[in-house]
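Trainee: Sequence:
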Amino acid sequence: MTSDSKILSFEVFPPTTQVGSSHLVKTLDSLRALSPDFISVTCSNNNYENIADTTIKFADYVNNTLNIPAVAHLPAAYLDKTQVIEILERLREKQIMKVLALRGDISDEATKKDFKYASDLVKFIKDYDSSFEVLGACYPDVHPESINRISDFHYLKEKVDSGSDKLITQLFFDNNSFYDFQERCAIAEINVPILAGIMPVINRNQILRLLKNCNTPLPAKFIRILEKYEHNPVALRDAGIAYAIDQIVNLVTEDVAGIHLYTMNNSETARSIHSSISSLFKINT
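For the sequence shown, the positions run 3 to 287 when our numbering is used.
Do not take every clue at face value.
Straight-line Cα separation of at most 27 Å, DSSO-like style, residue types lysine-lysine; simulated pairs [what the hints assert, rightly or not]: (1) 59 / 159; (2) 114 / 83; (3) 115 / 100; (4) 128 / 100; (5) 59 / 28; (6) 128 / 159; (7) 28 / 114; (8) 128 / 83; (9) 96 / 128; (10) 96 / 59; (11) 125 / 159; (12) 159 / 118; (13) 8 / 100.
Quick caveat, the hints were computed from the structure, so don't treat them as lab data. Because the structure is a prediction, the values reported are computed rather than measured.
Using the sequences and the hints given, assemble the complete structure.
Mentor: The structure is reproduced here in structure tokens:
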């Protein structure tokens, strides 16, 4: 287990098939050996039934079978107060006392009216049971729906003031963006630990999704890697892992509060990265 001074955590997502579920269990079993500080479990879709059947199920496996602290993702826009209370009670029964409160991506699914923003959900959870640790999301390169950076920090400050204990960033590929964001947070008196979200890009499908959906600026160095190795799967995987390791080494050297690795349910990639960075994190004996 890493020390409190430097957090190392992983994120997984619940699959939608039985085969995928079996694969995720194997992935989680493999990640256990890396002794992360916590593993967060996302929502494969936003409805209440899915969260109850998949997010909580795998968070329970992480927390009570693997004995690793689990974080359950809760999308504010798709839950009402009654459902949130039911989820919190189920989590507490399973001794899962960490949640990540998100607004949730707005899609064609019908949204609820109780929580307009993630900060509303954060406050509700803290008022209901302050013993829950509530994490929040943040965007080093500005939330895609923000009017401007000032507005973005206004809402982030509100989220922290509502009770967020830690923040996890959306993925980014330029560490300077993170350092600039971190400095602006300090100026805005957003004084909670900020974990840097890192995603290793290891295959062409990831590239296509990034180019289509991600508003995160891509540095020239990263673009050159994509262009050179896009059609060479082995080289792209090695280059993507090396790029992520380089980011992490730099971030830890600059005393980031922690690293949150978006594993994409790929334990092999996580293990490859961990083998190169584990010595950077102090290990409790």
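Trainee: Of the numbered hints stated earlier in the document, which are not met by this structure?
Mentor: 1 and 7
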